[in-house]
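Chains F and U supply the protein sequences, listed in that same order. The numbering used here applies: residue -3 is where the first sequence begins, and numbers increase by one. The numbering used here applies: residue -3 is where the second sequence begins, and numbers increase by one.
The hints are simulated quantities; they were obtained by calculation from the structure and are not laboratory data. Using N, Cα and C, we set each Cβ at its ideal position, and we do this for glycine too. Among these hints, one or two may not hold up.
[As the list claims (entries may be wrong)] A few chain F positions that, by computed beta-carbon distances, are all more than 10 Å from chain U:
| # | residue |
| --- | --- |
| 1 | Ala2 |
| 2 | Val53 |
| 3 | Leu55 |
| 4 | Glu106 |
[Claimed, not checked] Just so you have them, the derived chain U footprint on chain F, three or more residues with Cβ under 8 Å:
| # | region |
| --- | --- |
| 5 | 10 to 16 |
| 6 | 36 to 43 |
| 7 | 163 to 172 |
[Unchecked claim] Over the 10 Å line for every Cβ pair with chain F, so calculated as not near, a few chain U residues:
| # | residue |
| --- | --- |
| 8 | Leu26 |
| 9 | Gln35 |
| 10 | Tyr37 |
| 11 | Gln56 |
| 12 | Ser58 |
| 13 | Leu59 |
| 14 | Gln69 |
| 15 | Glu70 |
| 16 | Asn90 |
| 17 | Gln121 |
| 18 | Arg123 |
| 19 | Val127 |
| 20 | Gly130 |
| 21 | Arg151 |
| 22 | Glu152 |
2 protein chains.
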Amino acid sequence: MDIQYALLGYLSWQPFSGYDLKKLISESDLFYWSGNNNQIYNSLVDLYKRGLVSKEVQLQESLPSKKIYTITQEGRAELHRQMLAAPELPDCHNNFLIQLAWAGDLSPEEIDTLLASYEEEISVQLRMRQVRAGVQPASDPGSEARQPIPNRTAREQYLWQKIAENMLAQYQHELDWVRQVRSDLSASTGWTGCAWRALDEDQS
Amino acid sequence: MDIQYALLGYLSWQPFSGYDLKKLISESDLFYWSGNNNQIYNSLVDLYKRGLVSKEVQLQESLPSKKIYTITQEGRAELHRQMLAAPELPDCHNNFLIQLAWAGDLSPEEIDTLLASYEEEISVQLRMRQVRAGVQPASDPGSEARQPIPNRTAREQYLWQKIAENMLAQYQHELDWVRQVRSDLSASTGWTGCAWRALDEDQS
DNA sequence: CTTGTCATGTAAGAGGTTACATGATTCG
DNA sequence: CGAATCATGTAACCTCTTACATGACAAG
């Protein structure tokens, strides 16, 4: 349950409703999230049961009533405990690599088409995330980087920036990798269209 | 269900038992896997129901009987269809980044301890995977790179090598990143132990 | 005498996804 | 008139993880 940790983290800044938290999490690239609310509302109920947050219902005229959650002392203690926990290794589920692993029997053209569409997807994703992270393409002066919650400490801002850089660099690396694989493969079919095929048939 | 795809992939090489497949998958770094067998045996049953593999029971004296699975024509067709499917984006679950996101209130020493233990874990993992992938530390002539199934085509071998490089590079990048963050943070507490603290208290 | 290998499975539970449900209001 | 926003939730489902179960044999 790492979504709970994220919820508790946001609530350590200020009280929020479930709806607010949903938006914060869906707008942030840090939290991989299915996009549906069920998990957040259930987690909040659970946090409440465990006494880590308190709840206050705000009635609104002609709008559904809000539930404002506030972090408790126990919540802050739990958050602090989690902060110091032994770090986990990242686990990356890259289905494309699995797909590629068995793609050796495809024709060079088919493989290249596959790699090209992966390259395109990664590059779109990278650009999207760059924009959201406030990386501007050197021109385009308008549109400031989004700053959802200001007034954080300098160290915290530094950490958030480094986290964003980490994730962007991963997409960048993936893009460089796929481009390199494509150029390798096209180079080797380039010299000798049948060199690969000859090798292949040699061993099969 | 990407484990099924991997199973079908291995079975496209040659027939295997569930136990064999379990070992292949657990020894390979490509497939993130909980380490338990349930998923594999169930997936094989499912593949069998869908007619993608056939099954043959081999009785052995004084050993449990084996079930040897062989890929069918429909299985090969399905594998080929999956090969050409639209690639998915990688989804990386890096819990450490989430942990770090809320660690801004820790003391510089506590953050560095946290980063140091992450660095250690990544570096251990990287070395382990380098060894398994056959990357030798320039000395140490013995111990060849493991080659579970030889007789693959040259293109396939190239792809598997690139896949391994991709994953190693990701760990390497993670290691570089955490080292850079550590040196940044220690540098800024170095010049002025209280510069950070002053900034922090300014804004809180 | 305990641990590991061979070889298969069941059962329970945690976790996450998809879809459905409500109902007023505002914007194009 | 249809779609999006605000705001919360339920129910069914699928996947994955954890733990348990068997039973002979070999190695330290």
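**Request:** Mind taking a look at whether chain U covers the region 10 to 16 of chain F? Criterion is 3 or more residues with CB to CB distance under 8 Å.
**Result:** Coverage by chain U is violated here, the residue count being 0 at a Cβ distance below 8 Å.
**Request:** Verify that the Cβ of U/Arg151 lies farther than 10 Å from every Cβ atom of chain F, and report whether the claim holds or is violated.
**Result:** Its Cβ does come within 10 Å of chain F, the nearest being 5 Å, so this is violated.
**Message:** Using Cβ atoms and 10 Å as the threshold, tell me whether U/Leu26 really stays out of contact range of chain F.
**Reply:** 6 Å, violated
**Verdict on chain U covering the region 163 to 172 of chain F, where coverage means 3 or more residues with a C-beta closer than 8 Å** = Since three or more residues must qualify, the claim that chain U covers the region 163 to 172 of chain F holds, with 5 doing so at under 8 Å.
**Request:** Evaluate the condition: distance from the CB of F/Ala2 to the nearest CB of chain U exceeds 10 Å.
**Result:** 6 Å, violated
**Request:** Take a quick look at U/Glu70 and tell me if its Cβ sits farther than 10 Å from every Cβ on chain F, holds or violated.
**Result:** 16 Å, holds
**Request:** Hey, is U/Tyr37 genuinely clear of chain F, shortest beta carbon separation above 10 Å?
**Result:** 20 Å, holds
**Asked** Would the least Cβ to Cβ distance between F/Val53 and chain U come out above 10 Å?
**Response** The assertion about F/Val53 holds, with a minimum of 27 Å to chain U.
**Item:** Least C-beta distance between U/Gln121 and chain F, which was stated to exceed 10 Å
**Value:** 6 Å, violated
**Message:** Quick check for students: does the CB of U/Gln56 sit more than 10 Å from each CB in chain F?
**Reply:** U/Gln56 is indeed farther than 10 Å from all Cβ atoms of chain F, at 30 Å.
**Asked** Taking 10 Å as the cut and beta carbons as the points, is U/Val127 off the interface with chain F?
**Response** 17 Å, holds
**Item:** Non-interface claim for U/Gln35 versus chain F (Cβ beyond 10 Å)
**Value:** The assertion about U/Gln35 holds, with a minimum of 14 Å to chain F.
When the structure is compared with the earlier hints, violations turn up for hints 1, 4, 5, 6, 8, 16, 17, 21 and 22 and for no others.
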